[in-house]
Amino acid sequence: MAYTLLGKDFTPPDVRAKVTGSAKYTEDFRAEGMAFCKLLLSPAPHARVTNVDVSAVLEMEGVLGVLQASELRAPPPPVEPALTDEPLFVGQPILAVAAENETIASDALDAITYDLEPLPFTVDPLEALYPGGPSARQDGNAAVVNYGNTVVETRHWTAQDFAAAGDGQLPTGEPNMEWSYGDVDQALADAALVLDESFVTAGLAHHSMEPRTTMAYWENGKCHLHGSVQSQSFSMPILAGMLGMEQEDIVFVSEYCGGGFGSKAVPFPSMAIPVNLSRKIGRPVMMRLTRHEEYYLGLARTGMQGRIRLGFNADGRVTAADLFLIQENGPHAGFPNLTGAAAGVSAMYQPESMRFRGVGVFTNTPPRMAQRGPGYNEMSAAIEPLIDKAARELDLDRLAIRMINAPGEGATVGPQRTPLTSAFLPEALTMAAEQFNWEERKALSGQRNGSKVTGVGVGLAYHPAGNNGFDGLVRLTPEGKLHIHTGVGNLGTYSHSATSRVAAEVLKCDWADCIIERGDSRRHLPHNQGQFGSNTSFTMSRTNYVAAMDAVAKLKEIAAMDLGGSPGDYDIGGHRVFARDDESKFLTYPDAAARAIELGGKFSGEEAPEDINPTTQMAVAGLAGTGLIGVARDNIELNGQPAAHVAGCAQVELDVETGLVEVVDYAAAVDCGTVVHPMSLATQTKGGAVMGIGMARYERHIYDRQNGLPGNIGFHQAKPPSYLDVPAEMQTGAVDMPDPENPVGIKGMGEPVMGAGLAAVLNAISDAMGGHVFNRTPVTTDMIVNALAGQEQSHGPLDVNTA
Amino acid sequence: MSKDMMRAFELYQPDSVENAVELLGRFGADGWAMAGGNDTLDWFKDRVKYAGSVVDLSGVEGLSGIRETADGVEIGAMTTLTEIEASPLIQERYSVLADSARRVASPQIRNTGTIGGNVAQDTRCWYYRYGVDCYRAGGNSCYADTPQGQNREHCLWGADRCIAVTPSDTAPALVVLDARMAIVNADGEREVPAEEFFIGPEIDIERMTVLEPGDLLTAIRIPNDWAGAQFYFEKVADRNTWDFPLVNIASAMFVEGGAVSRIRMAAGAVECVPRRLSVVEEIVTGSAPDEETAALAGQAAVRGATPFNYNHFKIPLLENLVKRAIRDS
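Protein chains in written order, with the numbering used here: chain A, -16 to 786; chain B, 5 to 333.
Calculated directly from the structure, the hints in this document are not laboratory data. Warning: the hint list may mix true and false statements.
[To be verified] Which stretches of chain B does chain A cover? Using the computed rule of at least three CB atoms under 8 Å from a CB of chain A, they are:
#, region
1, 130 to 140
2, 321 to 328
[Stated by the list, open to error] Okay, derived cross-link-like pairs now, EDC-like style, lysine to aspartate or glutamate, Cα gap no bigger than 20 Å in a straight line:
#, chain 1, residue 1, chain 2, residue 2
3, A, K435, B, E295
4, A, K568, A, E540
5, B, K49, B, D137
6, B, K49, A, D93
7, A, K585, A, D574
8, B, K49, A, E540
Note that the structure is a prediction, hence the values are computed from the model and not measured. Built from N, CA and C at the ideal position, the CB exists for glycine as well.
Bound conformation, chain A alone:
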């Protein structure tokens, strides 16, 4: 279908501010009388804090107050508290000091005395599961991980479980979550090839460029909160719950967010600190988190120890997948990467039978949160190299074995075998291979040039890509503007604007006459899905569609009322609603908006639909009488699971003398439905690949096991890839096949673009080394040197948090 706006590049309204530096991030705001606060962080991985003496601090000039854990609402365990007297990881905040400036606050921290009573700790999930093993928490060592409802339990496997695993293989004791379909054991017994491999994917930091700074002040009983959160209106009820306040008493400003990658998907515990300190000392409080602090408490991707048995028939079709995962969950509620991982395997390879078993284990490491493709991308890292291994053993082309398993028409996901709304991975694979010239490039495999060997690889990734049931809100004003109120946050993808263009498309409005209202709860923003899970494009294109359709219906009703006939006789175009059979009968949008205000009721937002969310009800009430209001809940049917798929191809040059790997080329193709914003799509596809290269090659948590100390608490230690570590040019493309469950065909794509790059690079490295070598990410230079020298690796095959 031809669109006027969708599929065209445009300049998002916030770009200029970002480029010129005038964009105001949280740290840039000031409030009259603003104080600063600093955090006393735990130096121990697990301890009880006693005998805290702040008396000397309160006497210091410039110190304004101290906030301790006992003064805050304690969330139900294992949810992370903002402050604690029993820190569960190095760097967990114990208390906060407010002062005139940060130097005084830091000096005050040095003057606080307290005792630390050490408690058992662990940075190793397998040790925690071993009989008598250390427990990261006093109330249990293991977690049934569910988002928002993680359950703490005590779970130790038997020594026999460990002994039965065999050398280097993951023990598989009793899981605390599982599902299956089909007869996996029979399928494995019948398989032409069975791979049984254990693997590790390392936990790693999000390292958002903007640390999670928060500023808060109180005015007339309302709390004004500036924060760096990915999601705007989705944050409101969460903030209200976290702070124990009514939503209408919170003003939340988050116009810009300097990166989150999932770690700022929703409001985070430390936001409560300046809010409560401000209330306590009666002054605005700015809490700037430093880079170190961001590494301590800025959340992280879970680590995985896994084992998979994959059964293949002679054609390469995956007949069975038997997946067992141990998720290193940090010490708090965490995020269910392992269930995403299992769903991902089922979607990526469409196995004829599958069993998933898993267990979450607490460790005294940073709290975990979703990171781009949580669980799904770990499976791209762990399983994609095994697909290559199977291809070699079955003498199949690496592209062909993927094609035979790739989700297409009739594809399903998960234990219920939920249909995917659309799946065009075969088309994406074909496109990526053509861009990359796979047929010719694969001949380069293993080619030696001096000390360098060429490797080529292909990698796949999957992620759910949409949701439904949220609200849309638009407003036509007598000034002739279409205000698109969006609760979409600003995590850097411009999806706030891209999805808003759907409303403009439906209303046939010139983009120049559209104003995007966002980033500040005072701008009357509807209840929208949060900006995570690759779902903004699908979900909020639907909400903007239904809101705009509601506005269209109201325009036609008003026209019929004023000009005669029935609404069905009217159409829209050129900022007018006109009679289809007599275009001289029309109302301009400004006139119709003025009429809506006169008419009141549903037309101007005096009345609102009953099925919209309370957040949207408030927004509509705030806008009532200011124009023609289009507002609706997305009640469009949703049959199946929207799904995004990506295929990527990479070429590397691996130096066999130094272990260095240069990624020289990368091409990716995305199945994301109708392309809504080509430039952003290309940017995200490339940026995702860069993040994938980081996970493939460099990034991982390192912990000193004896003391529980984190080894990488800075950019240069955590090693996100630099410009010089990624290809100068990358090719991107999209299959551009509309999704039938979205009125304009759009699906998300933000997450699997990372997984495809990650897997393609890992597979290209294996290819350069002559076959499958590592069941581990990242594949670091020292690992490559050791492997090429025929030396054992420094780490054991299942070790985590090590170099």
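Got chain A sorted already, so can you dock chain B onto it with the hints?
Quick look at chain B alone, frame taken from chain A:
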């Protein structure tokens, strides 16, 4: 615990070497000479180290610039790494130094980082930088040298309570060039060969160089002896920028009549000091710099290397880098 917030200190900004030396002499152990500030401010912000009196050298006249002298080249200690990598004189005569400077950190850091600061910087052992009470910090243990210590970046030689390594990329190049370090204090100036400038824990566990309180490194003088040699520098790090070496190698070699007539070679990040590979020099001298010689040199270079739990990869890596230095320079 790191706090990213400096304590207050007195800042002195002398404009002459004489004034700088007077200030450093006056403050002694409570004084701190600051060049580009890249190392200094990290320590201060983390509140791991502190000095009440900081002497900022950026305004000291005569400490910056590259000058040709009668017997070589003199580089002011405050010359930035960017200036060194871009200097036609250095590129022409001592390209190994330009190449090593080019691989330091990132362009932004090289713009502010100085050659003096690069050679005088402290070790990057993550435990020590974290602020633990290790031997080097005046304590009585080494956190890296434990059965589970994360010592991937640590030494292969010279462990003596501390197992940290030199992080400098320019240091091995300066050792290879037989550079002289000009040090001024209240007693006047002395020259120390680069090879002796760097010291290991067996000499002083709390210092990386011979510089003591009151000393000021003013210049690095490179003699003509190795000008125009066949040079080689290579650094292997995880990332291609903003990373410290896993191992680096520098060499200078003259070949006459198909055989190596003179050679100096040094490796970084394998010992607390740049490791002069004298045994390689001995083996290689008189031989053709071919694959066979290179292989022998590589084997010789790693004899006696004693790895820890996470760094034995450095042995084949160093062996290969030595091979490349002979074969490819």
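We went through each hint and held it up to the structure:
Given a C-beta distance limit of less than 8 Å, the hint that chain A covers the region 130 to 140 of chain B holds, as 4 residues qualify and 3 suffice. Counting residues of the region 321 to 328 of chain B whose C-beta sits closer than 8 Å to any C-beta of chain A gives 5, which meets the bar of three, so the coverage hint holds. Our distance criterion of 20 Å between C-alpha atoms is met by K435 of chain A and E295 of chain B, whose separation comes to about 17 Å. Straight-line distance between C-alpha atoms of K568 of chain A and E540 of chain A comes to about 14 Å, which keeps the hinted pair within the 20 Å bound.
Pair hint K49 of chain B plus D137 of chain B holds up; C-alpha atoms about 18 Å apart against a cutoff of 20 Å. Taken as a hint, the K49 of chain B and D93 of chain A pair is honoured in the structure, with Cα atoms around 13 Å apart against an allowance of 20 Å. At roughly 17 Å between alpha-carbon atoms, K585 of chain A and D574 of chain A fall within 20 Å of each other, so this suggested pair holds. Straight-line distance between C-alpha atoms of K49 of chain B and E540 of chain A comes to about 65 Å, which puts the hinted pair past the 20 Å bound.
When each numbered hint is compared with the structure, a violation occurs for hint 8 only.
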